[in-house]
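Relying on the hints, combine the two individually framed chains into one complex.
Just so you know, the sequences run in chain order P and X.
Residue numbers are given in the working numbering: position 21 of the first sequence equals residue 21, and the series is strictly consecutive.
To get the working numbering, take the position in the second sequence, counting from 1, and add 1000.
Simulated from the structure, these hints should not be mistaken for lab results.
Quantities reported herein were computed from a predicted structural model and do not represent experimental measurements.
Among the clues, some could well be false.
Said to hold, decoys possible - Selected chain P positions facing chain X (Cβ under 7 Å, derived; list incomplete):
id, residue
1, V231
2, N246
3, E250
4, S251
5, Y310
6, V515
7, Q545
8, P561
As the list claims (entries may be wrong) - Ranges of calculated distance between the beta carbons of each label pair, as one might list FRET restraints:
id, chain 1, residue 1, chain 2, residue 2, range
9, X, W1017, P, K7, 50 to 60 Å
10, X, G1027, P, S408, 52 to 62 Å
11, X, L1022, P, K266, 18 to 28 Å
Stated by the list, open to error - Derived SDA-like pairs (lysine to any residue); straight-line CA-CA distance at most 25 Å:
id, chain 1, residue 1, chain 2, residue 2
12, X, K1020, X, R1007
13, P, K563, X, E1005
14, P, K463, X, S1031
15, X, K1018, P, V281
16, X, K1018, P, D321
17, P, K283, X, Y1011
18, X, K1003, P, K463
19, P, K140, P, Q150
20, P, K202, P, V281
21, P, K563, X, A1056
22, X, K1061, P, G564
23, P, K558, X, V1004
24, P, K298, X, E1014
25, X, K1018, X, N1038
26, X, K1018, X, A1056
27, P, K206, P, K463
28, P, K358, P, G376
29, P, K118, P, L178
30, P, K603, P, K140
31, P, K30, P, I493
32, X, K1018, X, K1061
33, P, K266, X, E1025
34, P, K224, X, K1061
35, P, K266, X, N1050
36, P, K463, X, I1039
37, P, K558, X, R1019
38, P, K266, X, R1016
39, P, K397, P, D321
Where a beta carbon is used, it is the ideal one built from N, C-alpha and C, also for glycine.
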Amino acid sequence: MGGYMGKVIRVNLTERSVKVEALDLKMAQKYLGSRGFGVKVMLDEVPAGIDPFSPENKLIVATGALTGAPVPTSGRYMVITKSPLTGGIATANAGGFWGPKFKSTGHDAVIFEGKADKPVYLYVEDDRVEIKDASHLWGKRVTEVTEALQREHEGANVLSIGPAGEKLSLIASIMSDLDRAAGRGGVGAVMGSKNLKAIVVKGSKKVPLYDEERTKEVSQEKVKILRDDPVAGGGLPTYGTAVLVNIINESGVFPVRNFQYSYTDKADLISGETMTEKYLVRKAACYRCPIACGRVVKLADGSVVGGPEYETIWAYGADCDVYDYDAINEVNYLCNEYGIDTISAGATIAAAMELYEKGYIKDEDIDADGLSLKWGDPKAIVGWTKKIGLREGFGDKLADGSYRLAESYGVPELSMTVKKQELPAYDPRGIQGHGITYATSNRGGCHVKGYMISPEILGYPEKLDRFTLEGKAAYAKLFHDLTAAIDSIGLCIFSTFGLGLPDYVDMYNAVCGEVYDEKGLLEAGERVWNLERLFNLREGIDSSQDTLPKRLLEEPIKKGPSKGHVHQLDKLLPEYYEVRGWDENGVPTEETLERLGLKEYKKYLSLATE
Amino acid sequence: MIKVEVRLFAYFREGRWKRKVLEFEDGTTISDIIKYLNIDEDEVSMFLLNGVDGPASRKVKDGDVISLFPPIGGG
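Looking at chain X on its own, in the form it has when it is part of the complex (with noise of 0.2 Å):
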């Protein structure tokens, strides 16, 4: 088991939390989170994996931080 720290951004928030350290298998994906936290993948805008965006099918390891966000803008 590998525990990862998930923050979660704007209203993914909602009926959830703002950060918390999970524990889930190795090999887990950022798409496998996402679908655990009953999260619909098509929402998600950019998928932190330690501040660096990229796509879900990302491997995490033990340690790593997630940080995911719907579309937001603004400046």
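Isolated chain P (complex conformation) (with noise of 0.2 Å):
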């Protein structure tokens, strides 16, 4: 069998041990890898209930079976652990060549357990596999760590938190190759908590190809198949994800100042053509990605570094009523510096410039940090982003992110979140099933685990009425159960601009050996979901939290395109547990826990119904 490379490193940091384990093959195949293989992990592995910085914790760092392999967009990796932001289950996913850096030291993935005494990172050089010392590394922010690692370690590819992680900041991230970031859910607090600042791989061996001529022959067809997508191969790589800006603007749909507003007149300040005219200097490709929607930007001070996404401009920008290129492309370099999650970050300043609006955060409370919460204002989304970093003066209650903010002050209502974490650019009160996907995303607030965005505003893989309710939730289901499975395969969802459930099978099978049919690699992925599903409810996190912030429920939008729609969850939720198999609770059967081969986790549905 191919793709994987059957070894797993479990490194306990309290015992300062190292073990290489076996890869269950049967066990992987079953769960794909990656996302798949780290909830499964988690779920069998990690007690209910503890907290996750906990040295109970583990934080899992996975690859797919077609992660490093030679097709196309497979630079992708994940991390998974519990998150301390929602308490349910954390899957966040990156790109940039880290990934297949660590597939070719010969390993799946690596588990860490317990906690480290002082810093420490680990380096893994094929078969080699040291916990070192990282006591000089502490404090210092990504591009430093990275540097100093790279000049001890040769040729080595690098993944670290910055100080944001070592603060145990809500919403801190884990970056590698400087500007890839595995974003979501606070997993950079998890590792700062394991005191674990970098992992550090070099590696020489290939990805096992089941088929070789047969995976050289899907691959260019799929490539091509990219290359010819007027997305895949026009509009992405041309403008890059802010592309996005204009259209989901002019739908009416683009939240403005806390999802006060949807629409704004200057959104083409910020809109990826003006990015792509003034502010870019060229774009960048991960491992094996004929896309290349990645940007490469210049400050207003001249240097060169990474640039925004499209979640980022909003977030920073319209969300906080900020159209200033120059601040957005600085706070952009600034999160990754420090290790902070982009939307999570923006969509908390956002929300506590409407606190200060309507009189909870009181001058006196911020007037030590020198810095404002006006909307609009450039200098405090950079202020505070750094404030945030190292949880300086008011940044330490932002670091923890919007929901615990608001409801410090008794309004939680006014943080824009989902399950404790930030919603991303998209207004669902305009889009009905994306608001679905909002609402039942396993790992909280979020867009990027079933993007109803694509067939509702954007027309991929067909049109459907933003508006209308019909069909939707099975719709959000399924690409729910594609996405998980795309995820645990190791590659990335753009590739959906083009690709769709027959290629990735092709690609799968080639390399793997002929494992799945069309209907077997989404029930794998629907088994990916229940899953985490299940997880979830064993930590407490049930049906209840399956919901919007009341503004997206009960406001409708005030002006622009998409004036005078709420969001019909209460109509949509119920038709999403049906259709899932779950009861009216939201809790698997135990028909659908046995149809997808996961009736060892029945027990859990008692715990879910206690």
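Listed below in structure tokens is the structure:
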């Protein structure tokens, strides 16, 4: 069987021990790898109810069977842990080159357990796996850490946390290759809680291929599809993900001022077109990616750094009512340097601005910081980002995300979150199907686990009316399951701008062996989704959290093209549970678990209904 | 005659403009406007009429806003 390297590293940081275990190939195949592998390990090995920052929590960094294989967009890896932000499962994905480089050491995944008594990093060079002292790197920003470790280990790739992860910010990310982020769910804080600063990798092994000829043939075919696709081979590489700014705004679903409005006449100031014209230095591609949606931009001081994605531009831009590209490029760079999730950070500052506007946060609360919380202030977004990264002054409160901030003033409803994680850049009141994916996403407010924007706004793979409800629950389930499969095999979800289920089956089977048909691969995704749901239910995250902020359910959009709409979750949610094979409380039925080969997890069903 | 604001995005702007108010005859459709702009209708992916996508055969009226996008994606 190809695809898998067949080995998993297990590091116990408390004992400072390293073990290399054989990957259970049958298990890997059933759960695909990456996200599926990690969630299974979390459910099987981590006891219920633990504190995410306790040594009992595990931090898993896992690749998929296709990560590093010679097929397009195979540069992805996943970080899986119990999220300190949501209390549920965290699955944070990143591209770049680190994932394939890690896999080239001959390992599929690394599981961290326990907690080191002082800062350490893990060095993996093929079969050599060592825990090394990182005291000299503690407190350092991502570029400094990366450069120092690359001086010590020439040619290695570095994954690390920044100061935000060390200081246990609940919105801290894990960074790799300087500017690729496993961003969401506070995974960087879990790494920080373990005193683990970095994972440095250098390898020489190739991913084994079941059928080399077929892999080559299939790969060429899929690359061609992506190159010929008008999005994957056109709009996305030309303008980056920021190309969405205008279409989302023109559709009246571009949240402004913490979702108080959904349209701005200033969107073009922060659009992909404007970035390309004024700030773009060059494009950047991840490992084996024919799309190259990454941006490299010039900051106001002339330095050349990784550029912001659409979501970042929205969170720090329209959501804070800021339309200053220099400031947005700078905060994106700062988030990468401090290791902060850009979506949650920008959206938390936006929530703070609304709390200030409404008089909850007073001038005396922030006077000592010398920064304002006024809408539209570019200096504020830059200044607060630094203070979040260091937990300085009022930044200490912002560092735990908008839910805990708003709750501390008695108004949690002003936090635009699902399961305490900040929503991304689309107002679901005008995109009904997207709203159901927000409400039900296992990792909380999130757009990348079921991107209904594709059919409801962008017309991919077909156009759906964004205001209607019919068929949306089933569509959302399909997108959730397909995305879980793509994540778990180790490919990039942007490949769906061109590729479909049969293409993923072709690639998986060529690399791994004739294992899956279309139904089977999609069902494997569904298995992963249900496993995440069981994890969350076990942790007490039940259907009461499958909801949206009150504003999106009760306050109609005030102006613009989607004026008058609210999200009709009450109509969609029961249907979603039904198409999932869950009961009316959102708990998978025994039949569903049996159908998916998850019988062994029936024990969690009684826990969920207790 | 009616006045319609036409907004262009991505590469449709090349050699043209970002937004402009244009005058058309009563009964003009989005298709007619696309033809007038010398854009190949097959290249248009999203035909927003006052922010709502739909067929290019829709008629426009005075004060309407048309936003035209080629295929784009991201996230």
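Going straight from one Cα to the other, do K603(P) and K140(P) come out at no more than 25 Å? 45 Å, violated
Holds or violated: K206(P) to K463(P), with C-alpha atoms at most 25 Å apart: Roughly 41 Å between the alpha carbons, so the hint for K206(P) and K463(P) is violated.
Restraint check for K563(P) with E1005(X), where alpha carbons must lie at most 25 Å apart: 19 Å, holds
Range hint 18 to 28 Å (beta carbons of L1022(X) and K266(P)) holds or violated: Hint holds: Cβ distance 23 Å, inside 18 to 28 Å.
Does R1016(X) lie within 25 Å of K266(P) when you go C-alpha to C-alpha? With a Cα-Cα distance of about 20 Å, the restraint between K266(P) and R1016(X) holds, given a limit of 25 Å.
25 Å Cα cutoff - pair K558(P), V1004(X): 23 Å, holds
Hint validation: N246(P) versus chain X, beta carbon distance must be below 7 Å. Holds or violated? 5 Å, holds
So if I understand the rule, the pair passes when the alpha-carbon distance is 25 Å or less; does K1018(X) with V281(P) pass? This hinted pair holds, its Cα atoms lying about 23 Å apart.
Given the hint that K202(P) pairs with V281(P), test it: the Cα-Cα distance must not exceed 25 Å. Given that 25 Å is the threshold and the Cα spacing comes to 29 Å, the pair is violated.
Given the hint that K1018(X) pairs with K1061(X), test it: the Cα-Cα distance must not exceed 25 Å. 20 Å, holds
Hinted pair K224(P) and K1061(X), Cα distance within 25 Å: 42 Å, violated
Distance restraint between K397(P) and D321(P), which requires alpha-carbon spacing of 25 Å or less: Status holds; Cα separation ~21 Å.
Checked against the numbered hints listed earlier, the structure breaks hints 6, 7, 18, 20, 27, 30, 33 and 34; every other hint is satisfied.
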